[in-house]
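S.K.: Assemble the complex: chain V is given as a structure, and chain G must be docked to it using the hints.
Heads up: the sequence lines are chains V and G, in that order.
Take 1 as the starting number for the first sequence in the working numbering and just add one per residue.
Take 1 as the starting number for the second sequence in the working numbering and just add one per residue.
Each hint should be verified, as a subset may be incorrect.
As the list claims (entries may be wrong) - Computed list of lysine to any residue pairs in SDA-like fashion (alpha-carbon distance at most 25 Å, straight line):
1. 87/G / 225/V
2. 151/V / 2/G
3. 251/V / 2/G
4. 15/V / 76/V
Stated by the list, open to error - If you want the footprint, here are the derived chain G segments under chain V, 3+ residues with CB under 8 Å:
5. 8-16
6. 87-98
7. 156-167
Said to hold, decoys possible - Taking beta-carbon pairs under 7 Å as the criterion, some of the chain V residues facing chain G (in silico):
8. 32
9. 34
10. 50
FYI, nobody ran anything at the bench for these hints, they're computed from the structure.
Note that the structure is a prediction, hence the values are computed from the model and not measured.
Note that beta-carbon positions come from the ideal geometry of N, C-alpha and C, so glycine has one too.
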Amino acid sequence: MSKNMNLTLKVWRQKNSDTKGKFVTYQADHVSPDMSFLEMLDVVNEDLTRKGDDPIHFDHDCREGICGSCSLHINGRPHGPKQGITTCQLHMRSFNNNDTVVIEPWRAEAFPVIKDLAVDRGAFDRIQAAGGFVSVNTGGVPDANAIAIPKVIADEAFNSATCIGCGACVAACKNASAMLFVSAKVSQLALLPQGQPERYRRVQAMVAQMDAEGFGSCTNTGACEAECPKEISITNIARMNRDYFTAKLIKQEEA
Amino acid sequence: MSNLAKTFSSSLGRKLVMALTGLFLCTFLIVHLVGNLQLFKDDAGQAFNAYAYFMTHFTPIKVVSYLLYASIIVHAIYALIISAGNKKARPIAYAVQAGSQNSPWTSRNMGILGTILLVFIVVHMGDFWWKYHNDELPYAKYEISLDNPNDINVSELPYDADRLVHSEVTDVQAGKRTVISKDLYKIVNNSFQTWWYVLLYVIAMAALSFHLIHGFRSAFQTIGWNNSRFLPLVRFIGVWVFGVLIPLAFAAMPLYFFFK
Chain V
1 MSKNMNLTLK
11 VWRQKNSDTK
21 GKFVTYQADH
31 VSPDMSFLEM
41 LDVVNEDLTR
51 KGDDPIHFDH
61 DCREGICGSC
71 SLHINGRPHG
81 PKQGITTCQL
91 HMRSFNNNDT
101 VVIEPWRAEA
111 FPVIKDLAVD
121 RGAFDRIQAA
131 GGFVSVNTGG
141 VPDANAIAIP
151 KVIADEAFNS
161 ATCIGCGACV
171 AACKNASAML
181 FVSAKVSQLA
191 LLPQGQPERY
201 RRVQAMVAQM
211 DAEGFGSCTN
221 TGACEAECPK
231 EISITNIARM
241 NRDYFTAKLI
251 KQEEA
Chain G
1 MSNLAKTFSS
11 SLGRKLVMAL
21 TGLFLCTFLI
31 VHLVGNLQLF
41 KDDAGQAFNA
51 YAYFMTHFTP
61 IKVVSYLLYA
71 SIIVHAIYAL
81 IISAGNKKAR
91 PIAYAVQAGS
101 QNSPWTSRNM
111 GILGTILLVF
121 IVVHMGDFWW
131 KYHNDELPYA
141 KYEISLDNPN
151 DINVSELPYD
161 ADRLVHSEVT
171 DVQAGKRTVI
181 SKDLYKIVNN
191 SFQTWWYVLL
201 YVIAMAALSF
211 HLIHGFRSAF
221 QTIGWNNSRF
231 LPLVRFIGVW
241 VFGVLIPLAF
251 AAMPLYFFFK
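With the rest of the complex left out, here is chain V (with noise of 0.2 Å):
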């Protein structure tokens, strides 16, 4: 069985988002490898608060990297080291005894900092809410099988779909772009049936609330799908990117 450790942290704390932040060092000795990430963070917490602190503020609910809450930038890296998981998925056992881990709140203009490390990802609520569904209206219940979808379109369908909303992408971004995030929501519904009636209305809906919200433009670094949790590809840009430019400049469909 492998040895605790002992780690330097230098957290980001910010008392909200109309304050100045800063990072202050605490020292967290004996930690298990088989702890989480957030584990972790919890026993500095219980140590704070029997100290009379304030306890580290994070976001996390499930801890089993399917809500999306967890949103922690570790090291330089959203959701920390390892791919394709979020930072509640992240064990103690992927970083070295003495080592100074730095953890920072998502950084962006469209993500305030609630506290310490919660950010605000309204955001991306309201880019959702701007066109990111499709409008059934009442009837009866149509047959599962009535309309044929072809697998592989299915399979990307649902590859866009598992987006959980973190915002790792925005975070990974040197932009701080959210395009990674508004083309998966896009893509789900446009390679659908389904999603064929709202399509081109949808893009430039969901576009625009991105713009307004203030996130940076594309540069197509790839930094997005390789931090994001789920693994979500840049093809969903481009997808998104050709909607788009259909719609407006061809298609002429009213936003």
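M.R.: Okay, now just chain G, sitting in the frame of chain V:
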């Protein structure tokens, strides 16, 4: 029209402008390279000077050249606008950001590479384009034997405001063709005798290589043309043609004159 203006001021529209102007500049590089291959011809610059005359006096090419100047300016201005927006999108920078672990170096440094290229374009056009159009350059007189086109007798003529930029007279009885043209070749040859000037060109071509290794492929991604069947071809052309072949061939020109 206002809808179109709105489209091109959206984040995606701006990137489309970057992609389209960028690809247009890429096609120009091919033409520029093929034309400049005349420099390697061992004819005291006769073919190159004839080509320079053709490029500056043939109307369709003149039209395209204005489109080209506009593309360079638009590409640079949009780059500035987009970069300013990107900067605003992350007002507080990360203390640690491990970009090298998730993205290629070229993709993160397009601005720096582009700035080097813009400086290069200004110097390059100032030294050749501007001088050819505005300076009182000497003329070269080529007397070419009709029997043997490789038998060229070259002599220098001083600048004369009344002289045509390019003229050709064929004298069958004397068995020779006389070509008189503004001598851009000489300017090129003289410029590339200075080591630091050659170095500037080689550095600029390295920047061009890195700029296009990312830029060419990136333009297709922005336009949305990333069909899985064509993507390998786009990548291949981007890296090997625009990233390696073209910059190497361009860099070979100053080196050729320096070591000739």
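S.K.: All hints, please: hold or fail.
M.R.: Right, here's what the structure says about each hint:
no., hint, result
1, 87/G / 225/V, "holds, 21 Å"
2, 151/V / 2/G, "violated, 41 Å"
3, 251/V / 2/G, "holds, 16 Å"
4, 15/V / 76/V, "holds, 22 Å"
5, 8-16, "holds (count 7)"
6, 87-98, "holds (count 11)"
7, 156-167, "violated (count 0)"
8, 32, "violated, 25 Å"
9, 34, "violated, 25 Å"
10, 50, "violated, 28 Å"
Checked against the numbered hints above, the structure violates hints 2, 7, 8, 9 and 10; every other hint is satisfied.
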